[in-house]
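Engineer: Letter by letter, the chains look like this.
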Amino acid sequence: MISLAFFICGAVFFAITPKKGLLHYLYLLYAAGAGLAAFSFARALYDLGSPGAAPTLAFALHISPALAVSFRGGPLQDFFGLLLSVAAFAASVYSSGYMKDNAAPRFQGIFYGLFILSMGAVFLSGDALSFLISWEAMSLVSYFLVISDTESEAAQNAGLTYATMTHIGTAFIIGAFMLAFAATGSLDFAGMAAGLAGKSMALKSAIFILSFIGFGMKAGIVPLHIWLPKAHPAAPSNVSALMSGVMIKAGVYGVMLMSLYVLGGPGAHYATWWGIVVLATGAASSVLGVLYALMEKDLKRLLAYSSVENVGIIFLGTGAALVFYSFGQTALAGLALAAALYHAMNHAMFKGLLFLGSGSVMHGVHSKNLEEMGGLLKRMPYTGLFFLMGSVSICALPPFNGFVSEWLTFQSLILGSVTPPAYSKVVTLLGGAALALTGALAAAAFVKAFGVAFLGMPRGPKAREAREAGFPMTASLGFLAAMCLILGVEPGLLLRLISAMPFAGLAQMGSAAPFHSPLTVAGGFSGFWPAAIFASMLTGLLAIIVLAGVFGRRRKITYADSWDCGIKALTPRMQYTATAFTKPLRVIFKTLYMPRKEVRISFKQKPLFVSGITYRSDITPFMENYLYKPLTAFVGKVALKIRHLQSGSLPLYLGYIMLTLIGLLLVWA
Amino acid sequence: MPLIKKWIEIFGVIDFISIGMLLSVVAMSSAKRIESCLKAYVINSWLLALLMAAFAVYLSIPHLYIAAFFTIAGKCILIPYFLRKVIRELKVTREVEPYLSMPVSLIISFALVVLVYSFLAEGIFVAGVARNVLKISVSIILISLFTMMNRKKAVTQVMGLLFMENGLFLAGFSLTYGMPTIIELGVLFDMMMGVMILGVFLTQIKKSFVSVDLDQLTSLKG
Chain A
1 MISLAFFICG
11 AVFFAITPKK
21 GLLHYLYLLY
31 AAGAGLAAFS
41 FARALYDLGS
51 PGAAPTLAFA
61 LHISPALAVS
71 FRGGPLQDFF
81 GLLLSVAAFA
91 ASVYSSGYMK
101 DNAAPRFQGI
111 FYGLFILSMG
121 AVFLSGDALS
131 FLISWEAMSL
141 VSYFLVISDT
151 ESEAAQNAGL
161 TYATMTHIGT
171 AFIIGAFMLA
181 FAATGSLDFA
191 GMAAGLAGKS
201 MALKSAIFIL
211 SFIGFGMKAG
221 IVPLHIWLPK
231 AHPAAPSNVS
241 ALMSGVMIKA
251 GVYGVMLMSL
261 YVLGGPGAHY
271 ATWWGIVVLA
281 TGAASSVLGV
291 LYALMEKDLK
301 RLLAYSSVEN
311 VGIIFLGTGA
321 ALVFYSFGQT
331 ALAGLALAAA
341 LYHAMNHAMF
351 KGLLFLGSGS
361 VMHGVHSKNL
371 EEMGGLLKRM
381 PYTGLFFLMG
391 SVSICALPPF
401 NGFVSEWLTF
411 QSLILGSVTP
421 PAYSKVVTLL
431 GGAALALTGA
441 LAAAAFVKAF
451 GVAFLGMPRG
461 PKAREAREAG
471 FPMTASLGFL
481 AAMCLILGVE
491 PGLLLRLISA
501 MPFAGLAQMG
511 SAAPFHSPLT
521 VAGGFSGFWP
531 AAIFASMLTG
541 LLAIIVLAGV
551 FGRRRKITYA
561 DSWDCGIKAL
571 TPRMQYTATA
581 FTKPLRVIFK
591 TLYMPRKEVR
601 ISFKQKPLFV
611 SGITYRSDIT
621 PFMENYLYKP
631 LTAFVGKVAL
641 KIRHLQSGSL
651 PLYLGYIMLT
661 LIGLLLVWA
Chain B
1 MPLIKKWIEI
11 FGVIDFISIG
21 MLLSVVAMSS
31 AKRIESCLKA
41 YVINSWLLAL
51 LMAAFAVYLS
61 IPHLYIAAFF
71 TIAGKCILIP
81 YFLRKVIREL
91 KVTREVEPYL
101 SMPVSLIISF
111 ALVVLVYSFL
121 AEGIFVAGVA
131 RNVLKISVSI
141 ILISLFTMMN
151 RKKAVTQVMG
161 LLFMENGLFL
171 AGFSLTYGMP
181 TIIELGVLFD
191 MMMGVMILGV
201 FLTQIKKSFV
211 SVDLDQLTSL
221 KG
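Chain order of the listed sequences is A and B.
Number 669 marks the last residue of the first sequence (my numbering); no jumps.
Number 222 marks the last residue of the second sequence (my numbering); no jumps.
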């Protein structure tokens, strides 16, 4: 409640503060609000197990007996609220530095606050009506933020694609809610859950599929993802961090809410194919997402595609959980669900970190293009360090958090493939294979992103003149990097919160990772000791430093240029480019990428004197070309045909009415 | 009174009057001049009022007298008066300018009546004195709709609308034997307002398009 007040004050101050130069300090108000909210959510989750725990928020406004606007905290709600408020805290601190010299500070400030508020409202909505209102508010506000940064046509188009897609998604969600309402007569989620318990499988399946498409659109699953790599990079970086880190989690939250809570009341039966659909979509999203991320030269687009990949990983876990629930294997399901939730939280941390980091880079270089960066580690050491930590987390390497959640996901999929029945074995095994491929490719993608941007020599004058970002920006990056490390070293912290949720099988996760001891799953099926890994890495590093100090002291150190094959002058053009780095993968996945190459040579005098060579290389956007273009062309064609009906002649319109009347007469009389 | 009731039944007065209404609509749909259309409307409205009165006598429903009285006041006197004024002000030519010729319109009207008679009979069955009235009223509605389609001038469209409303009124009370007075009055009042608004519209169309010919409206299309 107090944090709500902070947000409202922030928005109001943004509207009324006269001096534009001071506006960016107001983001600290948002940060304070988000920080307070984070504490109250964490507190509520921690207290869940204990008796007499009060919900974080309970508010209901009854319009009529059947209709109420209600906001309620609950385990799942609080978890996503925590995710939101931690990410929002970091992004707000960051914004106080980042938004210092911005084009429309007042507008963006107000909408930024509203955006966070509306996401909070989505997570805390207790009934379908308030959920839809908050959902639409979130979509619209983020749309305005997407188009607010530049006036370029590309940004406007991105906004348009986003608005269209998100509204199609909302239509599906409304469909799901209306079906549920028609069947149960209740708009309240709890009422829906109670009413749907005894209903037919066909109805439940229809609700599930509608909500999965609708929420999946927001989460950015393949093939509904095309808005995501356009819209997320177009927004200012602090907003992209929230969109990628938190808003797509609203889609994940929606899927979990509908499948686990509304459709999965106590003793509910799941159809196995629901889980398989989610799992297959997750596998496709993770692999395709990372494959397209690999090919991107635009840093923010790369991160956006990587969000598609990570949502895929979350859905791998969720899907596996649904499959296991359908077979009644609650222990396994709990493991998979915990993995999905853990990864959702992790992704908010490291994707927030990476997007904010890319904002700092853009702040320094004034470009999003990787090919114009290079050598930034020397010029922006802190940003570089934290970006590296984010990259290592997202590549799922210990001792960072990505490793824990992907390891958990792996364990659940592997355990699923050794537990009957047969065809769930196959599905989970394939999911595991997809995850393995994804992990390797993600590592390649982020080696490329970090290597090309931060290592080597500057590729352009802008990169040469880059300066480190200001204190609030690096501080918030540092905060998120620390979160990544903590969640990676001490998984028990988050697993304890997750285990408090009332979904079957989750309770065991609380004891899976006691503090400062190994994390084990399935009663010792496998395990590892994150703290020990971290400690040994740290010791190893210290040992190297100490040993180097001891044995290296007597050696003479000479500083010289890198070996340059005798050419005598290394130029930035001799480095690997982002495109060249991924060439082998482009060749391997040729059938998917369908790369296009174009070499154009212009001559002064044919054929010997060449004045210039231009080289263009491109990949074919598969989904756009083979799914969306035919679709839009078809809709356009039909619309043109229908347009002929609209002739503008009044007698013709009257004729339509008359034909309708006569038709009705013939049919019903 | 019982004597009159008996006469109404023996001579099929209600059928006669409603057939008269149908004929007046057909006359309107094939009339050549606007004045004839207006006269047909006046006749139609008088017949409607008469029919209401007949129903009132036959079924002893006193409030139908009131409805009949207001029909006479509104539809037979006020609306025709107002329309005449509008026509005079607009200075439209007397010819109605249909798209289809008179014989063709007659044939189509005939076809519509046949259609209604052959199909409506199977679906809705009305017993009692009003057994034919529903079919006639649906025919009236369809013929006036057709007339609206068939005419170029906006004034005649308004006439078609008025006829259609009479048909609806007929259908309404042949099925219910008189709606509550308040509804009948409301409908009448709506009608008056409608005609006045349409009059204003017509003058506006005339101002912006120089004519009330509806073909010109196609240019509004985007």
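Derived from the structure by calculation, the hints contain no laboratory data.
Keep in mind that this is a model prediction, so the values were computed, not measured.
Where a beta carbon is used, it is the ideal one built from N, C-alpha and C, also for glycine.
Check the hints yourself; a few may be wrong.
Said to hold, decoys possible - Across the chosen pairs, the derived CB separations fall in these ranges:
no.: 1; chain 1: A; residue 1: Leu640; chain 2: B; residue 2: Ile197; range: 27 to 37 Å
no.: 2; chain 1: B; residue 1: Tyr117; chain 2: A; residue 2: Gly655; range: 20 to 30 Å
no.: 3; chain 1: A; residue 1: Leu652; chain 2: B; residue 2: Arg94; range: 18 to 28 Å
no.: 4; chain 1: B; residue 1: Ile4; chain 2: A; residue 2: Leu645; range: 51 to 61 Å
no.: 5; chain 1: A; residue 1: Gly655; chain 2: B; residue 2: Lys6; range: 40 to 50 Å
no.: 6; chain 1: A; residue 1: Ser152; chain 2: B; residue 2: Asp190; range: 19 to 29 Å
no.: 7; chain 1: B; residue 1: Lys6; chain 2: A; residue 2: Gly185; range: 21 to 31 Å
no.: 8; chain 1: B; residue 1: Ile10; chain 2: A; residue 2: Gly655; range: 37 to 47 Å
no.: 9; chain 1: B; residue 1: Lys207; chain 2: A; residue 2: Met623; range: 24 to 34 Å
Said to hold, decoys possible - Below, computed lysine to any residue pairings styled on SDA-like, alpha-carbon distance capped at 25 Å:
no.: 10; chain 1: B; residue 1: Lys152; chain 2: A; residue 2: Arg643
no.: 11; chain 1: B; residue 1: Lys39; chain 2: A; residue 2: Pro651
no.: 12; chain 1: B; residue 1: Lys152; chain 2: A; residue 2: Lys597
no.: 13; chain 1: A; residue 1: Lys583; chain 2: A; residue 2: Lys606
no.: 14; chain 1: A; residue 1: Lys590; chain 2: A; residue 2: Ser611
no.: 15; chain 1: B; residue 1: Lys206; chain 2: A; residue 2: His24
no.: 16; chain 1: B; residue 1: Lys152; chain 2: A; residue 2: Tyr653
no.: 17; chain 1: B; residue 1: Lys206; chain 2: A; residue 2: Ser649
no.: 18; chain 1: A; residue 1: Lys368; chain 2: A; residue 2: His24
no.: 19; chain 1: B; residue 1: Lys91; chain 2: A; residue 2: Ser649
no.: 20; chain 1: B; residue 1: Lys206; chain 2: A; residue 2: Gly655
no.: 21; chain 1: B; residue 1: Lys152; chain 2: A; residue 2: His644
no.: 22; chain 1: B; residue 1: Lys207; chain 2: A; residue 2: Leu654
no.: 23; chain 1: B; residue 1: Lys207; chain 2: A; residue 2: Lys597
no.: 24; chain 1: B; residue 1: Lys152; chain 2: A; residue 2: Gly655
no.: 25; chain 1: B; residue 1: Lys152; chain 2: A; residue 2: Arg600
no.: 26; chain 1: B; residue 1: Lys32; chain 2: A; residue 2: Arg643
no.: 27; chain 1: A; residue 1: Lys368; chain 2: A; residue 2: Arg379
no.: 28; chain 1: A; residue 1: Lys583; chain 2: A; residue 2: Lys556
no.: 29; chain 1: B; residue 1: Lys32; chain 2: A; residue 2: Lys597
Claimed, not checked - One-sided and incomplete, this derived list gives chain B residues near chain A with beta-carbon spacing under 8 Å:
no.: 30; residue: Tyr99
no.: 31; residue: Leu115
no.: 32; residue: Tyr117
no.: 33; residue: Leu120
no.: 34; residue: Leu142
no.: 35; residue: Leu145
no.: 36; residue: Met148
no.: 37; residue: Leu175
no.: 38; residue: Tyr177
Engineer: If a hint holds in the structure, say so; if it does not, say that too.
Structural biologist: Status of each hint after checking the structure:
| no. | hint | result |
| --- | --- | --- |
| 1 | A:Leu640 x B:Ile197: 27 to 37 Å | 36 Å, holds |
| 2 | B:Tyr117 x A:Gly655: 20 to 30 Å | 22 Å, holds |
| 3 | A:Leu652 x B:Arg94: 18 to 28 Å | 26 Å, holds |
| 4 | B:Ile4 x A:Leu645: 51 to 61 Å | 54 Å, holds |
| 5 | A:Gly655 x B:Lys6: 40 to 50 Å | 46 Å, holds |
| 6 | A:Ser152 x B:Asp190: 19 to 29 Å | 54 Å, violated |
| 7 | B:Lys6 x A:Gly185: 21 to 31 Å | 57 Å, violated |
| 8 | B:Ile10 x A:Gly655: 37 to 47 Å | 43 Å, holds |
| 9 | B:Lys207 x A:Met623: 24 to 34 Å | 55 Å, violated |
| 10 | B:Lys152 x A:Arg643 | 23 Å, holds |
| 11 | B:Lys39 x A:Pro651 | 24 Å, holds |
| 12 | B:Lys152 x A:Lys597 | 63 Å, violated |
| 13 | A:Lys583 x A:Lys606 | 31 Å, violated |
| 14 | A:Lys590 x A:Ser611 | 32 Å, violated |
| 15 | B:Lys206 x A:His24 | 60 Å, violated |
| 16 | B:Lys152 x A:Tyr653 | 13 Å, holds |
| 17 | B:Lys206 x A:Ser649 | 17 Å, holds |
| 18 | A:Lys368 x A:His24 | 23 Å, holds |
| 19 | B:Lys91 x A:Ser649 | 24 Å, holds |
| 20 | B:Lys206 x A:Gly655 | 24 Å, holds |
| 21 | B:Lys152 x A:His644 | 21 Å, holds |
| 22 | B:Lys207 x A:Leu654 | 24 Å, holds |
| 23 | B:Lys207 x A:Lys597 | 63 Å, violated |
| 24 | B:Lys152 x A:Gly655 | 14 Å, holds |
| 25 | B:Lys152 x A:Arg600 | 64 Å, violated |
| 26 | B:Lys32 x A:Arg643 | 35 Å, violated |
| 27 | A:Lys368 x A:Arg379 | 17 Å, holds |
| 28 | A:Lys583 x A:Lys556 | 40 Å, violated |
| 29 | B:Lys32 x A:Lys597 | 74 Å, violated |
| 30 | Tyr99 | 7 Å, holds |
| 31 | Leu115 | 7 Å, holds |
| 32 | Tyr117 | 11 Å, violated |
| 33 | Leu120 | 5 Å, holds |
| 34 | Leu142 | 7 Å, holds |
| 35 | Leu145 | 5 Å, holds |
| 36 | Met148 | 5 Å, holds |
| 37 | Leu175 | 14 Å, violated |
| 38 | Tyr177 | 22 Å, violated |
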